[in-house]
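Protein chains in written order, with the UniProt record's numbering: chain R, 1 to 255; chain P, 1 to 359.
Honestly, the hints are just simulated from the structure, not real lab data.
Only true hints are included.
Derived DEER-like restraints, expressed as beta-carbon distance ranges: (1) Thr228/P / Pro230/R: 33 to 43 Å; (2) Ala102/P / Asn214/R: 37 to 47 Å; (3) Ser72/P / Val236/R: 45 to 55 Å.
In silico lysine-lysine, PhoX-like type, Cα no more than 25 Å apart, as pairs: (4) Lys175/P / Lys64/P; (5) Lys16/R / Lys319/P; (6) Lys249/R / Lys319/P; (7) Lys326/P / Lys16/R; (8) Lys231/R / Lys156/P.
Only a predicted model underlies this, so the values are computations on that prediction, with no experimental measurement involved.
For glycine and all other residues, C-beta sits at the position ideal for the given N, C-alpha and C.
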Amino acid sequence: MKILVAVKRVVDYAVKVRVRPDRTGVETANVKMSMNPFCEIAVEEALRLREAGGAAEVVAATIGPTQSADTLRTALAMGADRAVHVLHDPDPARPLLPLAVAKILRAVALQEKPGLVILGKQAIDDDCNQTGQMLAGLLQWPQGTFASKVLLDKEKQKATVEREVDGGIETICLDLPAVITTDLRLNQPRYATLPNIMKAKSKVIKKVTPEDLNVDIRSDMEVIEVNEPPKRKAGVILSSVDELLDKLKNEARVL
Amino acid sequence: MVVGALRRGSGHGGGGFRCSSRLLAQSLRRFASSLVVAEHEGGFVKPSSLSALAAAEAIAKESKISVLLGGSGPALHKAADHAASSHPLVSEVLVADSEALAHPLAEPWAELIHSVQQKGGYSHVIASSTSFGKNLLPRAAALLDVSPVTDVTAIKEPRVFVRPIYAGNALCTVKYTGEDPCMMSIRSTSFSPTTEAMSETKVAPITQVDLSFLSEGTIGKSTWVNLTSQDTERPDLANARVVVTGGRGLKSAANFKLLEQLAENLGAAVGASRAAVDAGYVPNDLQVGQTGKIVAPELYMAFGVSGAIQHLAGMRDSKVIVAVNKDADAPIFQVADYGLVADLFEVLDELLKKIPDKK
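Okay, chain R solo, but in the shape it has when bound:
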């Protein structure tokens, strides 16, 4: 069985983003970019399933500009076998929406015929939390979103997924092929070692375009403006618990 993992290049999670003065988006020039943290977890899970004998091959895919190849190299350095890069340079006013990404990934999945597709539950830039669900819907495959544990049964062609839901953990069982999206708790991604980073340079990245895949990219969303969130007014540092209780009772009136 083959596992397809979708990865996204985003502004590094530790960067404090700045809104561009013209309000068209956030500043991404000269900002550190990394693999989306949830995607790292997806890659790690695919590798662990392969190492446990659940899969024969792990293929990483991304959609993005030329620089997104770096993100694929990271996945290859972690241990993915090969990669597919769908080249697309988005217009900032009309960003590539999860629906378009899902359509492209469906086309990739129909070519690669994986038994499982693993994605992150959300990208930390657009915070959409949609692509995996949409891909599953388009493929008519079952979905296991916000996974915190995945067990594969190769014999029965089933995956048991523990999901992080409001109020607890839900367990569901999916027929393969299926789509799984990762929650933070699924695993602790490995670091790529220097020898593996060197090895990754010789692994194959296949380049395609959405046109090659016959996917029509339509954008139904127009970004009108991007603003800074309202600033909270400066708070005060108090000196005692009594003062705090007094403020909460008499000034803020919340107790």
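Got chain R; can you put chain P on it based on the hints?
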């Protein structure tokens, strides 16, 4: 609002009537007609879904709202009665009674939304961005070939929305320019459920949904096994008026008990930072932040929480924020209304003495 909707009548066709009755769809568009996909528990519509009704009202005051409820058993029908009298704009309650929908499995639920939308041709489909809504809505949107908007915090026009991006560090205003329906998940803390009392005479009719779309293909591919829930007596984290949160500074699961006691005394819910969850002090579903729950209580008290970007994303809209931390440079103090630079255990002890148990 109606004029605005007319002027914006761009694109073509609508919903399930896409080609066959474009005229009908266009005449429908003048009036927003929203489908609210609601969750229920114990015979009542959940508060987060009542917030989705408030969002539907914010789209257009003269809109008609249909509420979709699914599941099986008496609790479903009791919840339907609740939904029928939950909001003055509710014009219809659709009840999908089937074992296949008893658990929130995305496959049959997405088919349900698809089928109901095909018949109803709604201009908007709204769910709350709970784990239920986030799981289903994008799948249903893909079946309908439309792009949904996640986590809407404000509605400026029927198709213009504000949503946070980059963990709430930027607010993005987007305009949906696609075909009907305009699908969205709303952040429930941004929309207060209506509190006006409904008169008995304004009870909306309850209709059973035709479930012939449910086939072996849609319900056979996934099965629900179980739900391990964290039983708690305290209020629901996402809707609590007061939230007390602990971070790594609490040092152990046993120390979290102190926080739980304070929560008890205040009638508050307990939250946690990712560090506290990862260290195993509390279960994951208490995590507040970009990847956990988004809360906006009247009072948020953070003990031993440094205030990482991802944590602030989940609580920055709280009305009053109190931070207790030894580290005067902790970023949490930049958003706190009241800060105490002190040992949290001493502060907790004193608070427990001075805020007695209300019971």
